[in-house]
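Engineer: Given next are the chains, with one letter for each unit.
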Amino acid sequence: MNKQEILEQLAKAVVEGDKNSARENAQAAVDEGLDPLEAVDRGLSKGMAVVGANFESGESFLPELLMAADSFNAAMEILNPLIEANKQKISKLGTALLATVKGDMHNIGKNIVATVLETNGFEVVDIGIDQSTLNIIEAAQKHKADFIGLSSVMTTTMPYQKEVIETLSEMGLREKFFVLVGGGPVTQKWADEIGADGYGDTAVDAVGVAKKLLEKKG
Amino acid sequence: MPGLFDYLERAVTGPILTQKDFQMKILIPNVRRIVKEFDIAYDPAVPVPGDNALADRLFEAAIEFLALTGLYCEGTNRIIQFDDQEIRKGLRDYKKAGTFGEGRDRSVLTPRKPEDTKKPWCHLGNGIVASSDEIAMALVEGFASIPQAKSVTIPAPDTVRGLPIMGGSPLELYGVISSIESARKALWRAGRPGLAILNLCPAATTAAGTIAGCHPSTGARPSDGWLIDYLAEMTIDFSNLNKLAFITYMGGNVGSTDLPILGGYAGGAPGTALVMASYQIAGCVFMKGDYHLSGPVEMNLGCSSTRAALWVYSVVGRAISRNTNYCVLANQYAMGGPATKTYFYEATAELLAVVTSGFAGFESCHPARGIVKDGITPTEPQFNADLADAIAKSGMQADSACELCNRLLEKYEAEIKMAPPEIQGKTYSQLYDIKTHKRFEEYDRLYDEVVEELIQMGIPLS
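Note that the protein sequences, when read in sequence, are chains A and B. Counted from 1, the first sequence has number 71 at position 72 by numbering that gives the first Met the number 0; the numbering is strictly sequential. Counted from 1, the second sequence has number 301 at position 302 by numbering that gives the first Met the number 0; the numbering is strictly sequential.
One thing to keep in mind: the hints can contain errors.
Taking lysine-lysine and the DSBU-like style, the derived pairs with C-alpha atoms no more than 30 angstroms apart in a straight line are [unchecked claim]: (1) B:K19 to A:K45; (2) A:K188 to B:K95; (3) B:K24 to A:K45; (4) A:K210 to B:K19; (5) A:K18 to B:K94; (6) B:K19 to A:K88; (7) B:K35 to A:K45; (8) B:K416 to A:K188; (9) A:K215 to B:K24; (10) A:K211 to B:K392; (11) B:K372 to B:K94; (12) B:K392 to A:K91; (13) B:K35 to A:K11.
Everything labelled a hint here was simulated from the structure, so no lab data went into it.
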């Protein structure tokens, strides 16, 4: 296979969610001496862009998105060591720290947002469900997050979104992070009331809001 | 036949794996393979199919899916596994009908079949957030005053003595207790003190909250109903298993409930129908439920009135009602809020699908996706009750319901995708006099207009 064919096969493997093909073609890229960053940018990421667009338009669903991300990651296991050895770096739009707030055991919304953010070029640190306010803030500091994304699927856990924002202010950290909120009962009105920086009605909305906030930040 | 303890034992002895591995290696591949193998195909042109062969294939597919997939227990990271034969035996042996409420408000919930002329069970109201005790009580009194109400859903407060209710805190317990106390008082005021509340406990986030709300002095009774949730998808956590263990022990009515995400882990309409049918089967076999509350929610819209969601209701309703005696109430969500025409179009489409496909009953369709504080009035549940009775009485067939749904979809399909802010409608105090509990004329006019429009379309409302 020539270089162009390898890049096309990498994109195709991601679109089809074919982990084995993603691995094989990543290995082919290494064997043929392709620049690993080019394999990512012009191969794998191209495939992710197709899957992301299909997901946004409703042509495909979460399984396709997850399988694409899985294939992307499988290829990255082969490409990453080379990228590190070359002292290269994959550029990321920003780092998002995601959590479902304390007392809330729901993770599907957060997981969808995580996947859509990743497919749009964000670094995502997902610390899971039922996370206390201080855990969330500590993790955001540790991972130098640009965003804190807070999911709440129950009205009785929504106050914890407010608590995170208030505690950030109390600790003098509010300006360090954008805080985005989401979840079934969460609305723009609630986001405004508690002083969140953004709200996403859907995962795709959340990504759009995150990108706009980053643009504003410059 | 395994009992609850046997299943709880499986939760600590079943195969262990991470949740991600469960989703990627078991759940998603099983959905994709079984949907294909059983030819569960969605045709957008036919949102309400009356295809019995498809329904029966879906039923068999759901048994195979449940037997191969099981339920993932988040508390132990293990799979609660089921055997094909025990699922079939559990379904065969399930003969009981649920009894709800007390005194003259006592009613027995029994199954319906597709195109049944028997009236569906009217479970009226929604567990939305109410901004004050006064509004919560006015709502419950209004729901209970609807003659067809066999049970009600009560609202959840968001504050106690001015403090926000935070899940897992003592305030949650106070919130749960006060919401049930107030609802029972409102039921007395409506003259229906024995009417069952089937969404206990709406303010509870934790099992502790639910258990606190069960104390007899709160007004909760075993003849009410407690909802035990699955998590999307094919997952259950210890909090819900704790509730299940307690409610089973105290002899309360168990309501298994699911809300599969259309477009989520199960994929599109066929996969969503597959998991929804499996939840209902598991509710019967595993939870030994007295009723089941079930409905798909579209991932990007948060409502269940889309074309694909109508199809899911139709095929699952038909599959379960044709092949089991388990009583399932449809859980429905509209994008439109109170006093919007869109709400009435959406609720009508959903009920056409639900009533003709054989659901035992329904919870009145949530206005504004159930997310607007005070975003409901008694008018919407009354409309749902009148319409459901009329559809059943007319003996409507799936093909007629399908044609009407296609015409209704033309009216609202594009609008709910755009979701302009005004689609959320108005709140109780904007539409009703809070002192007299009477509807304002503005809503009277819109209601009369939309009902007339629906009658002109051929909807059997008189």
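Engineer: If a hint holds in the structure, say so; if it doesn't, say that too.
Structural biologist: Each hint, compared with the structure:
{"no.": "1", "hint": "B:K19 to A:K45", "verdict": "holds (25 angstroms)"}
{"no.": "2", "hint": "A:K188 to B:K95", "verdict": "violated (45 angstroms)"}
{"no.": "3", "hint": "B:K24 to A:K45", "verdict": "holds (25 angstroms)"}
{"no.": "4", "hint": "A:K210 to B:K19", "verdict": "holds (27 angstroms)"}
{"no.": "5", "hint": "A:K18 to B:K94", "verdict": "violated (47 angstroms)"}
{"no.": "6", "hint": "B:K19 to A:K88", "verdict": "holds (27 angstroms)"}
{"no.": "7", "hint": "B:K35 to A:K45", "verdict": "holds (29 angstroms)"}
{"no.": "8", "hint": "B:K416 to A:K188", "verdict": "holds (20 angstroms)"}
{"no.": "9", "hint": "A:K215 to B:K24", "verdict": "violated (41 angstroms)"}
{"no.": "10", "hint": "A:K211 to B:K392", "verdict": "violated (54 angstroms)"}
{"no.": "11", "hint": "B:K372 to B:K94", "verdict": "violated (40 angstroms)"}
{"no.": "12", "hint": "B:K392 to A:K91", "verdict": "violated (60 angstroms)"}
{"no.": "13", "hint": "B:K35 to A:K11", "verdict": "holds (23 angstroms)"}
Hint violations for this structure: numbers 2, 5, 9, 10, 11, 12, all remaining hints satisfied.
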